[in-house]
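Produce the complete structure using the sequences and hints provided.
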Amino acid sequence: MIITGQTGRDPVTCQTAPDLEAQVAQAFENIKALIERTLQQAQHPAYKEGKSGWELVVKLHAYFVGLSAVRDEARAIMVRHM
Numbered sequence: 041m042i043i044t045g046q047t048g049r050d051p052v053t054c055q056t057a058p059d060l061e062a063q064v065a066q067a068f069e070n071i072k073a074l075i076e077r078t079l080q081q082a083q084h085p086a087y088k089e090g091k092s093g094w095e096l097v098v099k100l101h102a103y104f105v106g107l108s109a110v111r112d113e114a115r116a117i118m119v120r121h122m
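Residue numbers (our numbering): 41 to 122.
Watch out, some of these pointers could steer you wrong.
[Unchecked claim] Computed list of lysine-lysine pairs in DSBU-like fashion (alpha-carbon distance at most 30 angstroms, straight line):
| # | residue 1 | residue 2 |
| --- | --- | --- |
| 1 | Lys-99 | Lys-72 |
| 2 | Lys-88 | Lys-99 |
| 3 | Lys-88 | Lys-72 |
[Unchecked claim] Quick list of simulated restraints, FRET-style, between CB atoms:
| # | residue 1 | residue 2 | range |
| --- | --- | --- | --- |
| 4 | Thr-56 | Gln-83 | 28 to 36 angstroms |
| 5 | Pro-85 | Asp-59 | 36 to 44 angstroms |
| 6 | Val-110 | Pro-85 | 37 to 45 angstroms |
| 7 | Met-118 | Gln-55 | 19 to 27 angstroms |
| 8 | Gln-83 | Ile-43 | 35 to 43 angstroms |
| 9 | Ala-82 | Ser-108 | 35 to 43 angstroms |
| 10 | Gln-55 | Gln-83 | 32 to 40 angstroms |
| 11 | Thr-78 | Asp-112 | 28 to 36 angstroms |
None of these hints come from the bench; they were simulated from the model. Even glycine gets a Cβ: it sits at the ideal position worked out from N, Cα and C.
Rendered as structure tokens:
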């Protein structure tokens, strides 16, 4: 499975939080929800075992446009939310 183009926008409210921490947290929650939904629809054994899906992630690329000044902070936030 390949997931691309995820943002920190809440899928219910369509709003983006004003701070980086909340945006990264929401983006990772969005990714987790996509993984879980896909595992459920495929009736994958990992879903039946109650795994979050992050255990199955092999590679993660994050691109931040115009945010080179907060790159290290963003990386630390991502690690906390995986």
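Exercise for the section: Kindly confirm whether 19 to 27 angstroms is satisfied by the beta carbon distance between Met-118 and Gln-55. Expected result: holds, 21 angstroms
Handout entry: Assessment of proposed distance window 36 to 44 angstroms (beta carbons of Pro-85, Asp-59)
Key = holds, 38 angstroms
Problem - Distance restraint evaluation - Val-110, Pro-85, Cβ atoms, bounds 37 to 45 angstroms - result: holds, 39 angstroms
Exercise for the section: Starting from the range 35 to 43 angstroms, see whether the pair Ala-82 and Ser-108 falls in it by beta-carbon distance. Expected result: Cβ of Ala-82 to Cβ of Ser-108: about 38 angstroms, so the range 35 to 43 angstroms holds.
Problem - Outcome for the supplied range 32 to 40 angstroms, where the beta carbon pair is Gln-55 and Gln-83 - result: holds, 33 angstroms
Handout entry: Distance restraint between Lys-88 and Lys-99, which requires alpha-carbon spacing of 30 angstroms or less
Key = Satisfied, since the Cα-Cα distance of roughly 23 angstroms is no more than 30 angstroms.
Handout entry: Cβ distance range 35 to 43 angstroms for Gln-83 and Ile-43, holds or violated
Key = Given a distance of about 19 angstroms, which is not inside 35 to 43 angstroms, the answer is violated.
Practice task
Take a look at whether the Cβ-Cβ distance between Thr-78 and Asp-112 falls inside 28 to 36 angstroms.
Solution key: holds, 31 angstroms
Problem - Satisfaction of the hinted span 28 to 36 angstroms by the C-beta atoms belonging to Thr-56 and Gln-83 - result: About 33 angstroms separates the Cβ atoms of Thr-56 and Gln-83, which means 28 to 36 angstroms holds.
Problem - Pair hint outcome, Lys-88 versus Lys-72 [Cα-Cα no greater than 30 angstroms] - result: holds, 15 angstroms
Problem - Straight-line alpha-carbon gap Lys-99 to Lys-72, limit 30 angstroms - result: holds, 14 angstroms
The structure fails to meet hint 8 from the earlier list, while all remaining hints are met.
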